[in-house]
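*Asks:* What follows is each chain in one-letter form.
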Amino acid sequence: MYSTEISRSSPTCFVFLIDQSASMVDNIGSGEGQRKCDVVADALNRLLSELCIKCAKEEGVRNYFHVAVIGYGATVGPAIIGPLTGRDIVALSEIASSPARLEARLRKVPDGAGGLVDVEVKFPIWVDPLANGGTPMSQALTRAQTVVSAWLTEHPTCFPPVVLNLTDGESTDGDPTAAAAALCRMASTDGDTLLFNLHVSSDASAAVSFPDEADALPSQYAKLLFGMSSPLPERMRTYAQQQGHKVSDRTRGFVFNSDLTSVVQFLDIGTRASDLR
Amino acid sequence: MQVHVSTFWTPKRGSTQQEFEDAIWVGPDGSSDGEIQLETLTVAIADGASESMLAGRWARSLVASFGTTPDASAGTDGFLAAYQTAVMGWDQQLSFYLADRAARGSPLHWYEEPGLGRGASATVATMQLRGAEQDIGARWTASGLGDSCIFQVRDEAIVLSFPIADASEFSYQPPLLCSRGIDQEVVRTHLCLCGGEWVAGDTFYLATDALAAWFLTSVADGRRPWEPLRDLDTVDADSDFPDWVNERRDNHEMSDDDTTLIRIDAIRED
Numbered sequence: 001m002y003s004t005e006i007s008r009s010s011p012t013c014f015v016f017l018i019d020q021s022a023s024m025v026d027n028i029g030s031g032e033g034q035r036k037c038d039v040v041a042d043a044l045n046r047l048l049s050e051l052c053i054k055c056a057k058e059e060g061v062r063n064y065f066h067v068a069v070i071g072y073g074a075t076v077g078p079a080i081i082g083p084l085t086g087r088d089i090v091a092l093s094e095i096a097s098s099p100a101r102l103e104a105r106l107r108k109v110p111d112g113a114g115g116l117v118d119v120e121v122k123f124p125i126w127v128d129p130l131a132n133g134g135t136p137m138s139q140a141l142t143r144a145q146t147v148v149s150a151w152l153t154e155h156p157t158c159f160p161p162v163v164l165n166l167t168d169g170e171s172t173d174g175d176p177t178a179a180a181a182a183l184c185r186m187a188s189t190d191g192d193t194l195l196f197n198l199h200v201s202s203d204a205s206a207a208v209s210f211p212d213e214a215d216a217l218p219s220q221y222a223k224l225l226f227g228m229s230s231p232l233p234e235r236m237r238t239y240a241q242q243q244g245h246k247v248s249d250r251t252r253g254f255v256f257n258s259d260l261t262s263v264v265q266f267l268d269i270g271t272r273a274s275d276l277r
Numbered sequence: 001m002q003v004h005v006s007t008f009w010t011p012k013r014g015s016t017q018q019e020f021e022d023a024i025w026v027g028p029d030g031s032s033d034g035e036i037q038l039e040t041l042t043v044a045i046a047d048g049a050s051e052s053m054l055a056g057r058w059a060r061s062l063v064a065s066f067g068t069t070p071d072a073s074a075g076t077d078g079f080l081a082a083y084q085t086a087v088m089g090w091d092q093q094l095s096f097y098l099a100d101r102a103a104r105g106s107p108l109h110w111y112e113e114p115g116l117g118r119g120a121s122a123t124v125a126t127m128q129l130r131g132a133e134q135d136i137g138a139r140w141t142a143s144g145l146g147d148s149c150i151f152q153v154r155d156e157a158i159v160l161s162f163p164i165a166d167a168s169e170f171s172y173q174p175p176l177l178c179s180r181g182i183d184q185e186v187v188r189t190h191l192c193l194c195g196g197e198w199v200a201g202d203t204f205y206l207a208t209d210a211l212a213a214w215f216l217t218s219v220a221d222g223r224r225p226w227e228p229l230r231d232l233d234t235v236d237a238d239s240d241f242p243d244w245v246n247e248r249r250d251n252h253e254m255s256d257d258d259t260t261l262i263r264i265d266a267i268r269e270d
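Going down the list, the sequences are from chains A and B. Residue numbers for the first sequence follow my numbering, beginning at 1 and rising by one. Residue numbers for the second sequence follow my numbering, beginning at 1 and rising by one.
It is worth saying that the hints were derived from the structure and are not from the lab. Please note: incorrect hints may appear among the correct ones.
Stated by the list, open to error - The calculated label-pair distances, taken between Cβ atoms and stated as ranges, are:
(1) B:G89 x A:D26: 16 to 24 Å
(2) A:D42 x B:V186: 31 to 39 Å
(3) A:E234 x B:R154: 19 to 27 Å
(4) A:Q243 x B:D236: 43 to 51 Å
(5) A:T177 x B:R223: 46 to 54 Å
(6) A:E94 x B:E113: 39 to 47 Å
(7) A:E234 x B:D29: 41 to 49 Å
(8) B:L98 x A:D259: 27 to 35 Å
(9) A:R46 x B:E169: 54 to 62 Å
(10) A:D249 x B:E169: 19 to 27 Å
(11) B:A103 x A:A207: 47 to 55 Å
All residues carry an ideal CB built from backbone N, CA and C; glycine is no exception.
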């Protein structure tokens, strides 16, 4: 299971669920006073950017993935802004060629003499921060089922779809566990749909990445989201371990106030261009 | 020394021939095939990494350098010299590429810049065959970094598997040569060298990873993978190379990857 090669002739899909509820205007517990809505928008833009860069070749971005971004807050629906506004599922090459805008950001890179230097990089924006209304997480997960179901009908043998939920966990339309479980039961011949959760919280507890038990998690929301998250398939655990995470066969795709961008590197599209050491 | 060289390649499914990122070099001009009569024959095979930009160009640069640098297969110094030559030529190749993009009114996109900054990566394996001289038998030397492989078959048995001998060693993260250059000590750590003798009737197979992994899995299962490869381009072949590879892909016996084979038959002179 979870061994189908991802390719242009056998692509898979990423569904991003982004919490845009009013509670997302509060600050995250760790960090420097960032609002939760800024953190999740930034995380999503980085995830999409990393996916595009991973699949970029000289003739363009290859469609190893198709992407849906569903926002949930005052409404539940497509959340990408700019030229792709209103689109449900979009080929990655279209995502790459149609950000709403490109911002200039500074990134620290090695200066070749043991130090770091700021360089300006282009940072594409597909989603802006938004905080409005309740947190209809169950509805969002049900909407994801619709997208995944349609995808699996067209691609029954693909690497299973991956759903990433970016939220503060405070669902206002009931316990989302059943909707999450139903989503995860949707399967290709290669395995069940994977649901991973990025929990941004006002709780100042230490960040947690890819835990294997809920006991040490700081809140009921964190525990709920951990319980909804899929166990990492074996190959993903190996990559998580290579990135320095302590893993076991109970490790789940869940992070608390931490970075989830590494998930992009858990997926194989061919030989990786890692530096020789 | 008289050998017969045949080359075969096919891109991964959904890729065009222009997107093919393996590369080969055979003989003094890089494109020799058929019957060859030389004192020495140099061949090289390279596999550009899927997750790197301009990987096919870099693979072609590597095989050209390894195919023409003296002693690239004979030892560490020759290998490093061939790699260094390719690295030194890369800036010019990149300049040509960027100039061409500009001339075509196709400037770089935001998503291309990080990959170009990281450089292109590829595996490489090269070997040189030398004919018998007076009291010295026919010899070969090989060098490689990564998972492109060389197999030597004699009398229906595999006598060499280089640099990988077990299919479980293949992964998505093989050692790679990067166009930005790598510290020589790091290259030395991963470099593999080998040498031996060959006799008329031997066959060498140079293969990129998908085919090499299938080959070693077949050997482990007690089969003779060289049989269908030996039959390719002969009247005994059931299909041409792309069809044969696709059949293995369909049966999940072989990864869907760019796939390349160089077959060298040492001709019996009887």
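*Asks:* Honestly, do D42 of chain A and V186 of chain B meet the 31 to 39 Å range at C-beta?
*Replies:* This hint holds: roughly 35 Å between Cβ atoms.
*Asks:* Taking 46 to 54 Å as the hint, is the beta-carbon distance of T177 of chain A and R223 of chain B inside that range?
*Replies:* At roughly 49 Å between Cβ atoms, R223 of chain B and T177 of chain A fall inside 46 to 54 Å, so the hint holds.
*Asks:* When you take the CB atoms of E234 of chain A and R154 of chain B, is the distance between them in 19 to 27 Å?
*Replies:* violated, 39 Å
*Asks:* Can you let me know if the beta-carbon spacing of D249 of chain A and E169 of chain B is within 19 to 27 Å?
*Replies:* With a Cβ separation near 23 Å, D249 of chain A and E169 of chain B satisfy 19 to 27 Å, so the hint holds.
*Asks:* CB of A103 of chain B to CB of A207 of chain A, is that within 47 to 55 Å?
*Replies:* Holds: the Cβ-Cβ distance is about 48 Å, inside 47 to 55 Å.
*Asks:* That 54 to 62 Å hint for R46 of chain A and E169 of chain B (C-beta), does it hold up?
*Replies:* Violated: the Cβ-Cβ distance is about 34 Å, outside 54 to 62 Å.
*Asks:* Is the distance from the Cβ of E94 of chain A to the Cβ of E113 of chain B consistent with 39 to 47 Å?
*Replies:* Since E94 of chain A and E113 of chain B have Cβ atoms about 19 Å apart, the given range 39 to 47 Å is violated.
*Asks:* In this structure, is the beta-carbon distance linking G89 of chain B and D26 of chain A contained in 16 to 24 Å?
*Replies:* Given about 55 Å between the Cβ atoms, the range is violated.
*Asks:* So the hint says 43 to 51 Å: do the beta-carbon atoms of Q243 of chain A and D236 of chain B match that?
*Replies:* holds, 49 Å
*Asks:* Is the gap between the beta carbons of E234 of chain A and D29 of chain B within 41 to 49 Å?
*Replies:* Holds, since E234 of chain A and D29 of chain B (Cβ atoms, about 47 Å apart) stay within the stated range.
*Asks:* May I ask you to test the hint 27 to 35 Å on the CB atoms belonging to L98 of chain B and D259 of chain A?
*Replies:* For L98 of chain B and D259 of chain A the Cβ distance comes to about 33 Å; the hint holds.
The structure fails to meet hints 1, 3, 6, 9 from the earlier list, while all remaining hints are met.
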